[in-house]
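Same order as they appear, the protein sequences are chains A and B.
Per our numbering, the very first residue in the first sequence carries number 6; after that it's consecutive.
Per our numbering, the very first residue in the second sequence carries number 194; after that it's consecutive.
Careful, some of the hints might be misleading.
[Unchecked claim] Straight-line Cα separation of at most 30 Å, BS3-like style, residue types lysine-lysine; simulated pairs:
1. A/67 / A/80
2. A/80 / B/556
3. A/142 / B/259
4. A/142 / A/80
5. A/80 / A/39
Please keep in mind that the hints were generated in silico from the structure rather than gathered at the bench.
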Amino acid sequence: MSVLFNVIHFIIVLAFSLFFLLNAAMVLVYLERKVMALMQDRVGPLHNGPQGILQSPFDVAKLLLKEDIFRGVSKDPLIFQLAPVVFFAPVLTAFVVLPFSPYVTGGALATGVVYYVAMSSIDVIGVFMAGWGSNSKYALIGGLRSAAQMISYELPLVLALVGPVMLTSVLAPGCGGGHPNLGVCSVGSISFTQIVAAQMRAPAPWLWFVILQPLGLLIYYICGLAETNRSPFDLPEAESELVAGYLTEYSGMRWAMFFLGEYGNMTIVSAVATAVFLGGWSGPGAAIEFWTGALGSFWGQVIFNIFGVGWFIAKMFVLLIVFIWVRATLPRLRADQLMQYAWLILMPLTLLNILITGALLLLPVGQTAQLWISGAANWLLLLIFVFGLRRITGVSPLGRLPRWMRKRAASPSRGLASGAPPRSERALAGQRS
Amino acid sequence: MATDQTSEARLYTEGPEGLRSEEMILNMGPQHPSTHGVLRLVLTLEGETVVHCTPVIGYLHRGIEKILENRPYMGGIRYMDNSDYLSPMLNETAYAGAVEQLMGIEPPRRAQYIRLLCNELQRIASHLVAIGTYGLDLGAFTPILYTFRDREGIMDMFEALGGSRFNVNYLRVGGVLHDFPAGWLQQCEQWLDRFERMGLPELEELITGNEIFDARTQGVGYIDPRQAVAYGLTGPILRASGVSFDLRVDRPYMAYREIPVNVQTRQEGDAFARYRVRMNEMYESVRLCRVVLDKLPGGAISSRTPIALRPPRGETYFALESSKGEQGIYLISDGSEYPYRAKIRGPSFVNLQILPELLRGYKMADVVAILGSIDVVLGEVDR
């Protein structure tokens, strides 16, 4: 009997994960077009189905029917053909660890966070293969940029997740509950299920980690934007410079797989942010004791899980809409500014966050006081970050020349009147001789 | 052998760790999303740094100057629309002004004011496209949709005036084609109100003060004032380098002799200053439109001119301040119905010259940021 239940469980979860990923991408594309249209004073897709909801399925059908062009495009067809698969497969596998609810999770993997991070960094290889295999300069530059960007932003992304993991070690005692998946935590954990559970066993009714680690969520989200090549970090596919980056030579279903992988990545980033920072499936109505008490063990669990999955998906889509919102608002960073931002701002900040959180959680006071103090410190750090960032990135206030530019404006070297060559030519001449 | 070695040395440069790096030649355009039409740039890159840039033009050549020589004077106006296709009214005014100067006629005051109104509206429309596409170049997708929405109002007004949105064909030698249709002035006033209340503040909120926009534009594409003058740059680019030169003030023509214009200049000389000058000029244009609506004189809209114009022998050059700079028309008349020679002095063509000099040493991502800030229209570069 228990074997049968396990098999049914496995089938349900597998079907749900696959179904969800493939459909989330399609829903997301439609949502993106509609939400962006709303923000941009347009109407978006209208003609296929009511309010254009059939636009995405039709697009997919079109892409499936398209010719698969690779001969003549690539000198290295195998790499060219494999790249979309390499890009898409990790996205699909990373979905396994996401805890939609205590029951609907592909396996409460004890190393969930590490597994997710590992899977999301494999994507780079697919991008790089696409860039190399395409035999196109735009694609090559796009692939290189993407590799550099994804590797750089991987580090602060991981470090931003460390804060919540540290918090689980404080909140661990006492976490147990009505479900077997919830009952085993006694020390800090990197399993997503346990991280979510830790956010529900706290002094406050729903002590989501966004309350204690707002800076972590912000940095994680920024890195998520970069990780998924979304605006304002969408350099690899900067349309105005690189046509379509590493996607330039792809068409049909291979292109669609990149597309699907990208939107799947967005979904995963949002889902992980939901699980780690926004309390996962917790929310009004997702109370297992109440439902099992009212409806008995089986139906109580069913209702509880429906509520849980609903909350999880709702939170996730809120974050996804923020993705879209950011895309509609911000211009794109330049490659060097992007690197600078990751290495000089985000990395030190996340390390500082880990240091401060760790130090404050060792204070010899009660658990509640520890949480209060570390939360306050994090909010303070967040405010400093947000307001300090203006000073760092804004080159100068309006109407005032920055000092280095004033110097350059005053020096005649760029002027036509003087005979001196421009700086770059001088530098190159020095290199060549 | 020696030549081989030198060519080898030119192609490969030794990096600090003894790595050999090869310069890469990248062909940008003519079918590239952000070369603003069909400009082709042959970029020589070292890593992502531009070493050399060669603009290749001529993909949109339609021989407009030759067409003008094969049309009666009045017939040439319609072809001027296609030259700088983002500011047809200004082109038409330049052409009509040149023919009038050649014939020695002065359009009636009302016609001059109507022209000024159309010119300023067209300037706003052109700057809206410039700023919108500039946002697109920098990766911001929303500004262009806002600016095109606002521009649509101007297009509607032009449609009511000339019957066509884009190729308005509204001006005539000696005046304009029609007087305003009923309700047009109210429509114009409403549009100006809405633009000032909604359109411009929205753009300011979306673009100005955005840290990423600042970081992408400030200090990028710096043009020295002397360099700008030496290259013959005109328009917002020149004024963004701190040179106060505006033909509306320095060589006033038509109604600008009666309506003073505040010249908008910035001292920085970078891409941000160019954006700012365009924004400020839109505020100024809105003010000028309001002045015209207040002071619009009555009277005829066109002086009596024969259908077949036969200017006396001679030559003339007439220039006005277009949205992109000095839009000049040079005409030689041999006394017949057709110009003997027509030459367009286009601002985009002249402004584009500085691009190779400007791009050298910048990153590849800055190429579009700089090209967009120059605001070239290929229709007028290639003619």
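Hints versus structure:
For the proposed pair residue 67 of chain A and residue 80 of chain A, the alpha carbon gap of about 27 Å is at most 30 Å, so the pair holds. Under the criterion of a C-alpha separation no larger than 30 Å, the hint pairing residue 80 of chain A with residue 556 of chain B is consistent with the structure, at around 29 Å. The suggested pairing of residue 142 of chain A with residue 259 of chain B is violated, with an alpha-carbon distance near 39 Å, which exceeds 30 Å. Our distance criterion of 30 Å between C-alpha atoms is met by residue 142 of chain A and residue 80 of chain A, whose separation comes to about 13 Å.
Distance check on the hinted pair: residue 80 of chain A and residue 39 of chain A sit about 39 Å apart at the alpha-carbon level, beyond 30 Å; violated.
When held up to the earlier numbered hints, the structure conflicts with 3, 5 and fits the remainder.
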